[in-house]
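All chains should be built: construct the whole structure from the sequences, respecting the hints.
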Amino acid sequence: MHKHVVVIYPHPDDEAFGSSGTMTQFRKEGIPVTYLCGSLGEMGRNMGNPFFANRETLPDIRKKELLDACKILDVNIKMLGYRDKTIEFESRDEIAEHIKGYLDEIKPTLVITHYPGEAVHPDHDAMGAAAVEAVRRMEKEKRPEVWAQAITNGHYEKLGQPQIVNNVEEEFEVKLQAIQAHRSQFEGMFPKMKGSSDFEGQYEEVMKRFKQEEFYKWTFEN
Amino acid sequence: MKAIERADVQKALDQYAEQDVYVHVETTNGAYAKHFNRNHNVGAYIRNAQVRYTRAKIVDAEDAFRVGLKMEKGWIYAEGVTDWEWNENGELLLAGHDSEGRLMVALQISKNPFRY
Ligand SMILES: [Zn+2]
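As given, the protein sequences belong to chains A and B, one line each in that order. Position one of the first sequence corresponds to residue 1 (the numbering used here), numbered consecutively onward. Position one of the second sequence corresponds to residue 223 (the numbering used here), numbered consecutively onward.
If you are wondering where the hints come from, they were derived from the structure by calculation, not from laboratory data. Check before you lean on any hint, since a few could be wrong.
[Stated by the list, open to error] Calculated pairs, DSSO-like style, for lysine-lysine (alpha carbon to alpha carbon, straight line, at most 27 Å): (1) A/K64 - B/K224; (2) A/K63 - B/K224; (3) B/K279 - B/K292; (4) B/K292 - B/K233; (5) A/K217 - A/K140; (6) B/K333 - A/K63; (7) A/K140 - A/K107; (8) A/K63 - A/K28; (9) A/K158 - A/K78.
Since the structure is predicted, the reported quantities are computational estimates derived from the model, not experimental observations.
Now the structure itself:
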């Protein structure tokens, strides 16, 4: 059984979409979960629908939403203070050391992050790579397990089947609440998705995907 | 933000002419455009460039507006702008949204740097 789980993603809402069901499972078992959130999603395109945010009010609004979501999920939150859409341009080395500082202190037995190169958004890829690097820099015996989440369309062909497949149907209600806590990003999203061209004919598939959270176990060469 | 009234925005733009101001300019089709089988992702973004413009003009383009700032040695331009706000920090915010409220373009002008 894991003793402490650290989740590392760049944006408020990545946690809700990515692994809130899994986090809820850990919390049910009484295992502490800490979310290290890279940015405040300052550059998000969604401003609410109908929109109520603007480029300058969005950071504070999303911060509040992040805190709400973490309350729903009953997890600790640390905000790392990077800026949305710029993480790949930062020093990988500095971010890795920054993250390692938290890992050294928290001593998690499991780290969940995005699969570098297979996570669609440049911030996801960069944050995932820095998280993996942070763990790699730890002494071999002290390294937590790393579960990496791939979201590219073609990741099954590339990486094969994920080792961890969590059915989160029982936690789905909480997951939905956590997603909806990010009001500026997802208000009315689920009804809209049915009609959106982005999800044409895929709605059922998407809902099914939401009820399953998959991770690849990272293996370190040395 | 509220729908642009051309004359009001023109007045606001004029107030920032002939002085050092900070601008934020961005445009994007979203980080997931490619993921959703649209064209590849495009976008550009400048935050807190200090500039000085001699003249500004907002032009009605029927479904939206175009805004041009003429500088001594160049231009700043944004199109597809639909909404605006002049907030309590004196930041003049202009933005264009799609039908789902997503930001597609922004041009912002301020006497002081935007939060970074
Ligand atoms: Zn994200």
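We went through each hint and held it up to the structure:
1. Between A/K64 and B/K224, the direct Cα distance comes to roughly 23 Å. Compliance with the 27 Å bound is thereby established for this hinted pair.
2. For the given pair, A/K63 sits about 24 Å from B/K224 by alpha-carbon distance, which is consistent with the 27 Å threshold.
3. This hinted pair checks out: B/K279 and B/K292 have alpha carbons roughly 9 Å apart, not beyond 27 Å.
4. Only pairs whose Cα atoms come within 27 Å are accepted, and B/K292 paired with B/K233 is accepted, the gap being roughly 16 Å.
5. In summary, the hint linking A/K217 to A/K140 is supported, as the alpha carbons are separated by about 16 Å, within the 27 Å threshold.
6. Our distance criterion of 27 Å between C-alpha atoms is met by B/K333 and A/K63, whose separation comes to about 26 Å.
7. About 13 Å separates the Cα atoms of A/K140 and A/K107, which keeps this hinted pair within 27 Å; it holds.
8. For the suggested pair A/K63 and A/K28, the alpha carbons sit about 25 Å apart, so the restraint of at most 27 Å is met.
9. With a C-alpha separation of about 33 Å, the suggested pairing of A/K158 with A/K78 is violated against the 27 Å cut-off.
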